Amino acid sequence: MDESAVEKLRDNPFYVLGVRPAATRAEVEREGQKLLGMLELKLSSAARYQTPVGPAERTADKVRRAMAELRDPERRLEHELWARLDPAARRTPAEPADAPPRSKADAPWVGALSALGWRAAK
Amino acid sequence: MIPGVVVAAAIAAALAARASARRSALGPELRPPAGGNVGTWAVFVWTVLVPLGLSFALFTLAGQLWAIVPLAAITLIALPFPIARAVLVPLGQARLAYWLTLGSDVFFHLDRKGGAALTGAWALAMQPELDEAMASWLAGRLGEHQPLRGAGVAATAMLLAARGDRDGARALFATVEAIDDRVCPPAAKRIANAWLASDAAERGEWQRVAELGVTLTRGGRLGWLLAGVAQSLLLDPSAPDRFGLWLRWALAPHRAATKPMVERALVARDGGFIDPEEEPPIAPTDAPDGEDAIHTALSLHTAVLARAAVRAEDVRAVGQAWDAALEDAATERLLNERALVLGASGPAATLARVRAAIEEDLAGVVLASALPLKELGDRGTLTVRVRARLRDRMLSEVEAASDAIRRRVDDKRELPAEGEWREWANLAERYERGVQSAGEDFRRLSFAKIYPDLCGFAVWLFNDRKQRPLGNAIFRWLLAEAEALDDQRAIALQTKNVACGV
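Residue numbers (this note's numbering), protein chains in the order written: chain A, 1 to 122; chain B, 123 to 624.
Simulated from the structure, these hints should not be mistaken for lab results.
Being a predicted model, the structure only gives us computed values, none of them experimental.
Take these hints with a grain of salt, some might be off.
To be verified - As a list, the in silico DSS-like pairs of lysine-lysine whose alpha-carbon atoms are at most 27 angstroms apart:
| hint | chain 1 | residue 1 | chain 2 | residue 2 |
| --- | --- | --- | --- | --- |
| 1 | B | Lys-496 | A | Lys-104 |
| 2 | B | Lys-571 | B | Lys-496 |
| 3 | A | Lys-104 | B | Lys-381 |
| 4 | B | Lys-588 | B | Lys-571 |
| 5 | A | Lys-62 | A | Lys-104 |
| 6 | B | Lys-496 | B | Lys-534 |
Unchecked claim - One side only, chain A facing chain B, incomplete, derived with CB under 10 angstroms:
| hint | residue |
| --- | --- |
| 7 | Gly-37 |
| 8 | Leu-85 |
| 9 | Trp-109 |
Beta carbons: idealized from backbone N, C-alpha and C, even for Gly.
Construct the entire structure; sequences and hints are all you get.
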């Protein structure tokens, strides 16, 4: 998994602010101010947001950056394109999170270097 | 018994004196490579001291307890490396391991100081916290010993491993196999291969494990066992049978640690592992009306980013979806409308930025999954661009490393011998990784660039720096590559260079 690319998608200003790309400037500003207020009051409902790559943590800094990004028309147009996927459309994982790991015959041997006497066991 | 001992001692002393006289007459640079793998000191120990030790053992068994002291001393002198490896290395006693192995004329006759540094570095790697002063002491000892030979290179790699630079250690250990046998103790090659096999097992690269320990002499007991395990896990027809695998296990060290792996290999051989079904190909989620192309591309893009094991067909599917979306008239219309509403300029600049971001994302996915570039194919504008971008990046890395070496040679800027080995190992590792990923085109393009740079580097090391083992290793590597590319001029020149010896 390429973490930087996932992070870029996760930090899309529209997902951070919880608005859709068609939102007007006023709606974006209003939502941003509302979220800042809620974060100030430490309301748990504002602490997380949904994205197509999974939930993420929302901070006041992220919200301010998102608002600033969407004030620039050129940057906003680009973010709109990337945010066209509905955050609720996140694909469900193939297996439940608590399923045991699938074993493969040729799975890596975790800790082989320590077990075979090449370095101290951690 | 006494006259026999005296005669044997006299013979051994005469042999030692003759060897010493030959060495001093020729000087250090012109000294011919030592013949054989066992030195005069080892002959003396095993013909004189070991029989003496056996008599002390008999005395001890007869109740003469004073004989234990000379018996212990002779045991230490006769078996310095096995004792250091079995006792001092696990205890992390780097300095003691160094001094004891210095007397190992059986295992490290061709490079005793390098062998001592290798054992010391190994003990250092076993310390829970790195003793930096000891690491510097060992590096200093290694620096005093010129030119650097096979065990010295392995010691440098082990020091890197002890310092936590596993990639650097891997690159350097990989060069040990290519060092001429006349300047590399077989024990150093076995240790290097066994370390590489253990490292590959930890990373799940079982094919590499199987290659490294294909024979007992090449991989050592541990490498041989790991190769058998790897062949069984991969269901290779040449895998040893049940008895063969247990035999390898019985011969190898670390039996408690390797037993579960042998059992896993046997279960695999018997078909006990059913490979989990591969993840289905990525598929887009349902699109709202009128947003088919862009939605499909985004949906596939997100799926491939979230997937742990990406396949080449996944990347190709995303590339084709983006090709369709970015060339779709509906996308352009959508961007035009939104640009008008927002007061932004036309969609061309936005599309260019989005295209670049997609390429960067897909390049990151390919790199993270270690997908060979040749598997991406040559269809689809975006996929071809991603492939070209990654190939260019790998080519640039090789060129930069090669240029750095050429500039240093031009300016006659010397590095310590271990630094020279590391630069060379780094370049060879990048080149080989590129060839493995991008194929013959990459090999041809890169070789044309690195050949003159490396040839000049090797000649400089061989003639001016007197680092003949390294110069020879590079000549041999260049010869192998020239043969792979059927470059007749390079083959002729490198054949002559290799024939200059070590």
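Worksheet item: Of the hints stated earlier, which fail here?
Response: 5, 6 and 7
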